[in-house]
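2 protein chains.
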Amino acid sequence: MGVLRFGQLGKLKPEKIEEYCALHANPWPEVLETIKQCNMRNYSIYLHGDLVFAYFEYVGEDFDADMQKMDNDPITKKWWEHTHPCFIEYAIHPASQFYHDMKPIFYYE
Amino acid sequence: MGVLRFGQLGKLKPEKIEEYCALHANPWPEVLETIKQCNMRNYSIYLHGDLVFAYFEYVGEDFDADMQKMDNDPITKKWWEHTHPCFIEYAIHPASQFYHDMKPIFYYE
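Chains A and B, in that order, are what the protein sequence lines are.
Counting along the first sequence from 1, when you hit position 80 you're at 148 in my numbering, and nothing is skipped either side.
Counting along the second sequence from 1, when you hit position 48 you're at 116 in my numbering, and nothing is skipped either side.
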């Protein structure tokens with residue numbers, strides 16, 4: 069399997085934008101380690117107004133299994149107790165509680 | 069100089085979304101070659117509704133000079149005659165006619 073690229077959009081509560089940025093300016097080392105263990109690479113997040121855009125690459129062999137592994141990590145769960153309340157849930161798409169996968173329309177290596 | 073990462077947001081005219089996607093599904097080879105010559109790498113664009121997000125990495129030594137080189141390329145100028153009218157100009161930020169650089173708030177390799 070080649071590299072999979074993800075572009076995701078989310079919407080923050082205006083009063084939580086600062087907190088979301090502060091959390092990501094000093095992310096927990098265990099959370100970063102889990103990201104690596106779950107085969108996510110080159111992960112960046114960008115802000116404009118209340119919109120956040122996340123880009124990352126998945127380099128593993130079983131995306132669903134790795135996401136399940138992340139879901140099951142107790143420290144990541146704790147981290148999400150801080151980050152998830154920053155989002156306006158389902159703001160981008162009715163099927164996506166936080167970040168929503170955008171449609172890729174162009175790629176050039 | 070290390071790699072610079074860019075996350076950019078733009079807004080399309082609703083009636084031009086399909087055309088913008090079609091253009092980027094079959095980009096002109098000369099435009100891709102200019103992207104490469106201007107030291108932009110790993111370039112992807114994502115769509116949600118009328119919002120487009122672009123991610124790319126800059127691996128050169130002089131970003132302004134390379135962007136000037138791109139601006140001066142006659143085929144890229146022709147390409148932009150097709151892509152630029154797809155945008156609602158200045159929709160994201162009063163200083164950005166098309167794509168606007170978002171603020172990076174997180175990066176993990």
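Simulated from the structure, these hints should not be mistaken for lab results.
Incorrect hints may appear among the rest.
It does not matter which identical chain is used: a pair holds within one copy or between any two.
Claimed, not checked - In silico SDA-like pairs for lysine to any residue, Cα to Cα no more than 20 Å straight-line: (1) 145 / 174; (2) 84 / 130; (3) 171 / 126; (4) 84 / 110; (5) 81 / 177; (6) 79 / 159; (7) 79 / 118; (8) 79 / 174; (9) 145 / 99; (10) 84 / 138; (11) 81 / 130; (12) 104 / 173; (13) 104 / 142; (14) 84 / 159; (15) 171 / 124.
In this text, all values refer to a predicted model and were calculated from it rather than measured experimentally.
Numbers of unmet hints, in rising order: Result: hints 2, 4, 5, 10, 11 break, sorted rising.
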